[in-house]
Every structure is written in structure tokens, then in C-alpha cells.
Amino acid sequence: MKPSAFNYAKPSSVDEVLGLLSEYGDEATILAGGQSLMPTLNMRLSAPALVIDINGLSDLSGISVDGENLRIGALTRHTEIENSPGIAEHAPLISMAMPYIAHPAIRNRGTFGGSIAMADPAAELPACLCALDGEVEVTGKSGARKVAAKDFFKDLYETDMAEGEILTAVEIPKLGAGYRSAFDELARRHGDYAMAGVAAHAKVDGGKISDLRLVFFAVGSTPVTAKKAMNAMEGQSVDDASIAAAQNALEQDLSPFDDLHSSAALKMHYAKELTKRVLTTLSGG
Amino acid sequence: MTNQIEQIQVTTTVNGEKVTALVEPRTNLVDFLRNQMELTGTHVGCEHGVCGACTVRIDGEIVRGCLMLAIQADGLEVVTIEGSDDSGEIADLQKAFHERNALQCGFCTPGMLMAITEMLEKNPDPSRQEIREYLSGNYCRCTGYEAIVDAIETVANTRKGA
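Residue numbers (the numbering used here), protein chains in the order written: chain C, 1 to 285; chain Y, 286 to 447.
If you're looking for bench data, these hints aren't it; they were derived computationally from the structure.
Quantities reported herein were computed from a predicted structural model and do not represent experimental measurements.
Heads up, some of the hints might be wrong.
[Claimed, not checked] Stretches of chain C that chain Y covers, calculated by requiring three or more beta carbons in the stretch to come under 8 Å of a beta carbon on chain Y: (1) 1 to 8; (2) 31 to 42; (3) 45 to 57; (4) 106 to 115; (5) 185 to 191.
C-beta atoms are modelled at their ideal positions from N, C-alpha and C, and glycine is treated no differently.
Take the sequences, apply the hints, and build the full model.
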């Protein structure tokens, strides 16, 4: 199908975007990379009166390292992040996740901020951001505010952003000494939506895991932090017994639902298998 | 919506030629190329970014022609399969596709060729697995992909030897 008719604006400043948002309210939509928005327009799942193309806001694009944090502008495209030595050094989890995000042609256009703002439950980056204790910078009429990733993803496609606000950047603490990351996902075909996936991050010292984060995606309405499984691994070496304990704990952490690709029981099975894989990777095996 | 929609002027370079046209904001890049530029080599398949039939290059990078508005190409350089064909840069790929029977109906082929061109620029010596991953966003319903991977492998090997 083709999109229904809309007007188009290409502002050159964030203030201009905010002005249009307050004028049009929910009749307006933001076009960043467009890789999720355009399908919904083409299928007429949404029919805005105004599309606000923010691709002219070059200030919102780019990666910078600032003291303790890595800052990724909302408009930074996946391909740039995938090829960034700074990301590979300071946030290797993000680099690991990149090849799983759709296909090269999509990654050439899709943006980091777009993926976070969209909050698709099967998306990789929201889970990574939660695993890394990242923050989301949201800008509105009264200025910019920062929201911890764990408080940002509220529900299915719902975030902490209020009407009239836009996502301007994401900040991620630089990789701490002794910390490692691992990432894995299962999909029917490379680049497809995940049936289940996990972002993992932990301190590994003498083979022992501490401060573990296991954040799952495509198994709930939002990224799901598996706290019981994380606790089960605290101070443990990765072996058959500790893996089994973490897998058992997952039963309390996750309550997946059936979707097009897999039943809830199958998703739980995938999550357990993924847990084994990322723990093994974290321990260097 | 009953609001008045105005056409917007877009100036872009298509296959090396500068063009200026009026487009409706909602016009997808691929429809602009096919209907207004009359370049029908780029195909319209799923219209939601899944099949890859509409793959074109914008400033050198492959994109989905159905997931970009024509007005977003303003000031940018678009290359379609017609441009790649005219330049001769994919002549060896086309020949290998033909010889290896890497197409039957041909609907996916333009998009495939655009994606492969970018892949071989970035990675001149891909493994079969890497080829499959790069082309995971381009659907072919005829060949089963095996012949396509064969054809690409042949071209990569020949180019390396050249």
C-alpha cells in the first residue's frame, strides 16, 4: 500500500521540532531513519497530518567520548555505530549487537535513537542499553532531562517520553575494568525479528562472575532484566551447576507469551539456552 | 485528513543526472524513480522493507527505496540498477548470474545486484556464510539462493585474480 497524504516539514533546529510538536500534538510524527515508521505509513497503520523529518538536525548525529560516558546522538545510524572503534572499545556489547539488527540496507538508514524511541520488544538496542545502565536524553519545551534506561521502557512500544518531547541522545558508561559483554539471539533467519535474545554484561575476575546483567528481549512487552538469574550467578564460576541454577531462576524472571514464531514454552527454552551460551562466552569459554 | 497537501520540489542526482521534480510528500523514493523518472528496473515488492526488491544506493549506500521518501533524496545522489548497468561495473556479476542460472523470474535480481555490489566493495573476499548474511535482506522465491551464492563466489574469485 501507499501512505495516506501528509504534510512534510524538515526543521533545522530542535526548537523548531518542539514548536511543531506542540502545534500539531499527536497529529505529527517524527521521521528519523524511517525504518520502522515508513512501514507503518505504507501500511496505513498510522496516518499523521504532518511528518517532521529530523534528518536535517546534524547536531543530533555522532559519537563522542566524554569523561566517564559515551554519548551517541539520536540520529547516529547503525552502520556508523557498527564501524565505530570508539563503540567497540568502550561499549563492546553495542558492537556485538549491531550485526543482528535487520540487514545492511536497513542499518544504513536506521538510527540508534529511533530504535530506542520505538521501543520494539524484539529490538536489540533497548536491551543493550538496560544491560549497560545507559541513560536516555529526552528534550522538551522545558529543556533536556535524562532517564535511566530501566525506567524508560514502560510497556509495549511505550516509553517515558511525554507528548511534545523528542529523544536527543543516549549516554552509556564506558566499559569498566574487568567487565565483559556477550550477546546472542535466535531468529528464524539472520536479520529477522528475534524469537528470543539476550544482552549480558558482567565483571569477570578469576573466572568468577559478579555484577551480572542479563537483559532479555522478545520475551515480554519490554526488555526484561532477569534479576533472579543474575543473583544466582553472583560470585559463581560458570559451570554446569551454576548455569543450571541460573536457568531455573529464569522461570521466575520471565513470563513470555506466544507470538507468531514461537510458543511461550519454546521462548523459555530459548532463553535458557541463550543464558548458557552468554555465560559461557562471558567466562571466556 | 482534509488539510491541503502541497507538492514539494526535490532536486537530486539520479544515475549521474541532475533532476528537479515536484513530488507529493508521501511519495516513496521507489515510486518516484519508477513513475516519475520512468526507471522501472527497481522493483516494488513488499513495501515494508522486508523483501529488498527496491534496493537502490543513496550517496553510495544501499537503502530500501520503499522506506525513504522521495523528498528525502533532496541533495543526495541516487544510483539505480539502470545506473549500475550503464556504468558496466556489474557486467561480470550479470554474466555470472546468467551463466549460473542465479535468476529465474528476475524480480529480485536488480535489488540483489545492488546489495551484492556494496557487499563486494566492503568485503571483496566473502565466505559463503557472509554472502548469505549480507543477502539475508533480499528475498528470492525462485532459486533457493544456492546459485546466487555460487555466482557471487565466482565473481569474487575472478575479481581477486584480476
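Right, here's what the structure says about each hint:
1. For the region 1 to 8 of chain C, the assignment as covered by chain Y holds, since 8 residues bring a beta-carbon within under 8 Å of that chain's beta-carbons and 3 suffice.
2. With 7 residues having a Cβ less than 8 Å from any Cβ of chain Y, the region 31 to 42 of chain C passes the three-residue criterion, so the hint holds.
3. Given as covered by chain Y, the region 45 to 57 of chain C passes the check, having 5 residues with a CB less than 8 Å from a CB of that chain where 3 are the minimum.
4. Remark: the region 106 to 115 of chain C is confirmed as covered by chain Y, as 3 of its residues place a Cβ nearer than 8 Å to a Cβ of that chain, reaching the required three.
5. Residues of the region 185 to 191 of chain C with a Cβ under 8 Å from some Cβ of chain Y number 3, which satisfies the need for three, so the listed coverage holds.
This entry satisfies every hint, going by the numbered hints stated previously.
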